[in-house]
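Given only the sequences and the hints, what does the whole structure look like? Please build it.
Protein sequences, first through last, are from chains A and B.
When the first sequence is numbered by the numbering used here, its final residue is 228 and no position is left out of the sequence of numbers.
When the second sequence is numbered by the numbering used here, its final residue is 300 and no position is left out of the sequence of numbers.
Mixed in with the good hints there might be a few duds.
What the hints assert, rightly or not - Computed spacing ranges between beta-carbons, pair by pair: (1) THR69/A / GLY172/B: 55 to 63 Å; (2) GLU52/A / PHE250/B: 55 to 63 Å; (3) LYS74/A / SER203/B: 24 to 32 Å; (4) GLY64/A / GLY242/B: 51 to 59 Å; (5) THR69/A / ALA280/B: 21 to 29 Å; (6) LYS57/A / ARG205/B: 49 to 57 Å; (7) GLY172/B / PHE10/A: 56 to 64 Å; (8) ASP213/A / MET199/B: 35 to 43 Å.
As the list claims (entries may be wrong) - Negatives, chain A to chain B, calculated, CB over 12 Å: (9) GLU52; (10) GLY64; (11) GLN72; (12) ILE161; (13) ARG218.
Don't read these hints as lab results, they were simulated from the structure.
We put the CB at the ideal spot given by N, CA and C, even for glycine.
Here is what each chain is made of, one letter per residue.
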Amino acid sequence: MITFEDVTKFYPGQQRAALRNINLEIDKGEFVFLVGQSGSGKSTFLRLILREYRPTKGTLYVAGKNLGTLPQWKVPGLRRQIGTVFQDFRLLPGKTVYENVAFALQVIGRPGKEIRRVVPDTLEMVGLSGKEDRPCEELSGGEQQRVAIARAFVNRPKILIADEPTGNLDPETSVGIMKLLDRINRVDTTVIMATHDSSIVDQMRRRVLELRDGELVRDQAKGIYGSA
Amino acid sequence: MRHSLRETWSGLKRNLAMTIAVVVTMAVSLSLLGAGLLTSMEVDLTKRTLYGKITVQVFLCTENTQGGRCEPGKGTTDAQRDAIQQTLEANPEVSAVEYESKEVALAEFQRVFADSPAVHSRTADDMQDSFKVRLHNPENYAGVSSEARGLQGVQAVQDQNSILEPIFKWFGALQWATITMSVLLLLAAALQIVNTIRMAAFSRRREMGIMRLVGASNIYILLPFLLEALIAAVIGVVLAAGTLTLGYWFVIDQNARTSITALPWIGWGDLAAAIVSIAAVGVALAVIPTLLATRRYLRI
Numbered sequence: 001m002i003t004f005e006d007v008t009k010f011y012p013g014q015q016r017a018a019l020r021n022i023n024l025e026i027d028k029g030e031f032v033f034l035v036g037q038s039g040s041g042k043s044t045f046l047r048l049i050l051r052e053y054r055p056t057k058g059t060l061y062v063a064g065k066n067l068g069t070l071p072q073w074k075v076p077g078l079r080r081q082i083g084t085v086f087q088d089f090r091l092l093p094g095k096t097v098y099e100n101v102a103f104a105l106q107v108i109g110r111p112g113k114e115i116r117r118v119v120p121d122t123l124e125m126v127g128l129s130g131k132e133d134r135p136c137e138e139l140s141g142g143e144q145q146r147v148a149i150a151r152a153f154v155n156r157p158k159i160l161i162a163d164e165p166t167g168n169l170d171p172e173t174s175v176g177i178m179k180l181l182d183r184i185n186r187v188d189t190t191v192i193m194a195t196h197d198s199s200i201v202d203q204m205r206r207r208v209l210e211l212r213d214g215e216l217v218r219d220q221a222k223g224i225y226g227s228a
Numbered sequence: 001m002r003h004s005l006r007e008t009w010s011g012l013k014r015n016l017a018m019t020i021a022v023v024v025t026m027a028v029s030l031s032l033l034g035a036g037l038l039t040s041m042e043v044d045l046t047k048r049t050l051y052g053k054i055t056v057q058v059f060l061c062t063e064n065t066q067g068g069r070c071e072p073g074k075g076t077t078d079a080q081r082d083a084i085q086q087t088l089e090a091n092p093e094v095s096a097v098e099y100e101s102k103e104v105a106l107a108e109f110q111r112v113f114a115d116s117p118a119v120h121s122r123t124a125d126d127m128q129d130s131f132k133v134r135l136h137n138p139e140n141y142a143g144v145s146s147e148a149r150g151l152q153g154v155q156a157v158q159d160q161n162s163i164l165e166p167i168f169k170w171f172g173a174l175q176w177a178t179i180t181m182s183v184l185l186l187l188a189a190a191l192q193i194v195n196t197i198r199m200a201a202f203s204r205r206r207e208m209g210i211m212r213l214v215g216a217s218n219i220y221i222l223l224p225f226l227l228e229a230l231i232a233a234v235i236g237v238v239l240a241a242g243t244l245t246l247g248y249w250f251v252i253d254q255n256a257r258t259s260i261t262a263l264p265w266i267g268w269g270d271l272a273a274a275i276v277s278i279a280a281v282g283v284a285l286a287v288i289p290t291l292l293a294t295r296r297y298l299r300i
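Structural data, given as structure tokens:
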């Protein structure tokens with residue numbers, strides 16, 4: 001699903017590589033934790049997959065496409081296959097739960113009939129049935145993150161990228177969010193989650209990629225947060 | 001599509017004051033541009049018509065004439081007259097040379113002054129033989145007339161073009177003044193649109209970020225802004241077209257055409273052409289600044 005072949009990324013005007021010689025493969029349906037300190041390259045890793053940047057060197061394939069040569073106008077098509085969740089939720093204020101989720105489908109031109117069918121299903125899946133008409137600002141942090149996950153997943157992407165999704169949540173709420181991501185992973189969605197939350201990583205025992213100063217220093221199946 | 005329209009509408013409402021400012025600037029600048037275009041058309045038409053009618057007239061010497069290239073007490077000889085005619089005909093600017101004898105000139109004089117006591121004051125010998133010279137491009141009269149002035153046996157050269165020149169100078173000044181002013185105002189309108197759209201884009205930057213993230217196409221993200229600018233432009237164009245039509249109808253159709261019949265006047269077809277031009281400029285003025293203002297939000 002995702003293949004890094006000797007990928008290096010320099011930001012313009014910077015001497016140090018944000019990512020250096022990354023080689024790895026992530027298969028369809030995998031659940032991968034991306035760990036490392038701030039500035040270790042996690043965000044760059046995720047942004048390369050989203051084609052917000054191109055690799056400086058090396059080749060990166062996502063969903064069968066070579067992102068180094070993918071023309072600009074095909075980027076929206078790539079992004080429709082990737083759902084994204086952030087630490088700060090990034091919901092649209094002033095819109096209801098339903099509207100926030102429906103927005104993701106409206107703006108890619110999905111017909112209203114399909115939207116009216118798919119959005120309630122997705123909201124039920126993330127456990128927000130009955131809260132469709134609530135303004136997002138009134139929800140708790142955990143509920144807001146569920147809305148964000150619903151929005152990321154409503155188009156049934158092949159890949160879900162989560163950048164510190166539990167960073168703003170208390171441990172109990174985080175567990176709920178992790179259960180949800182696990183459920184999404186079980187329907188064959190590849191999930192890549194960057195996190196600092198050691199207890200979650202240690203509990204889930206999934207593949208762990210650790211970055212340090214832009215280099216991949218650990219790629220461990222059923223790993224834990226700290227190096228063994 | 002419905003989503004785009006809703007976004008456009010809310011954008012227009014949100015920036016109502018700015019939108020009105022854009023519409024007014026657009027309307028005024030496009031009206032001026034249209035007026036400038038109509039003036040240009042009128043100048044061209046007048047030049048074409050008047051220049052086509054006028055000639056450079058080369059007067060020959062008689063025994064009584066003085067000045068020019070006349071020998072005192074002598075008229076132009078036949079040899080000189082032939083030489084003058086040949087020189088004029090050889091000039092590439094000249095399209096036709098017509099000889100007018102003093103008898104013909106007298107007849108013309110008597111026709112013009114038929115009702116005047118002066119009608120019998122002249123005889124054929126008071127008149128001068130002349131050549132009437134037509135030019136391919138009447139604006140280039142200066143070379144022909146200065147050449148003719150240098151020929152032996154030419155008493156004077158009268159070019160009617162020199163009478164028209166100051167008129168056209170004023171016309172030209174008017175035309176450039178309107179066009180310059182309209183260009184300045186159009187620049188102001190373009191900057192206003194850049195500003196308005198930039199503000200609108202800034203207030204919607206969250207939405208735009210999410211749109212990009214979930215894979216909305218650039219044209220979809222751009223559409224509300226383009227429509228917003230286009231609506232303002234279309235209203236501006238309609239107002240300007242109305243102003244121009246009213247101005248044309250009142251100034252030219254109702255007044256000038258009947259009171260100044262000596263000049264040709266541009267028609268409704270020219271007005272339509274001017275309106276099409278300002279519409280094109282108006283649309284370009286909406287689209288280009290919008291693309292510039294939203295570029296940074298669309299960078300993938």
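Review point. Is the distance from the Cβ of THR69/A to the Cβ of ALA280/B consistent with 21 to 29 Å?
Key: With a Cβ separation near 38 Å, THR69/A and ALA280/B fall outside 21 to 29 Å, so the hint is violated.
Point to revise | Cβ separation check - GLU52/A to all of chain B, threshold 12 Å | key: violated, 7 Å
Review point. Could one say that the CB atoms of LYS74/A and SER203/B fall in the range 24 to 32 Å?
Key: holds, 29 Å
Point to revise | CB-CB spacing for GLY172/B and THR69/A relative to the 55 to 63 Å hint | key: Roughly 57 Å apart at Cβ, these two residues keep to the hinted range, so it holds.
**Study point:** GLN72/A and chain B, when compared Cβ to Cβ, separated by more than 12 Å
**Key:** violated, 6 Å
Exercise for review: Take a look at whether the Cβ-Cβ distance between GLY64/A and GLY242/B falls inside 51 to 59 Å.
Suggested key: Given about 57 Å between the Cβ atoms, the range holds.
Review point. Quick one: are LYS57/A and ARG205/B within 49 to 57 Å, going by C-beta?
Key: Since LYS57/A and ARG205/B have Cβ atoms about 32 Å apart, the given range 49 to 57 Å is violated.
Point to revise | Outcome of range test on Cβ distance (GLY172/B, PHE10/A; 56 to 64 Å) | key: holds, 59 Å
Review point. So the hint says 35 to 43 Å: do the beta-carbon atoms of ASP213/A and MET199/B match that?
Key: Once the Cβ atoms are compared, 41 Å apart, the range 35 to 43 Å for MET199/B and ASP213/A holds.
Check your understanding: Is 55 to 63 Å right for how far apart the beta carbons of GLU52/A and PHE250/B are?
Key -> holds, 59 Å
Practice item. Beyond 12 Å from every chain B Cβ: check whether that's true for ILE161/A. Key: It is violated; ILE161/A is separated from chain B by about 10 Å at its closest Cβ, not greater than 12 Å.
**Study point:** Cβ separation check - GLY64/A to all of chain B, threshold 12 Å
**Key:** holds, 16 Å
The structure fails to meet hints 5, 6, 9, 11, 12 from the earlier list, while all remaining hints are met.
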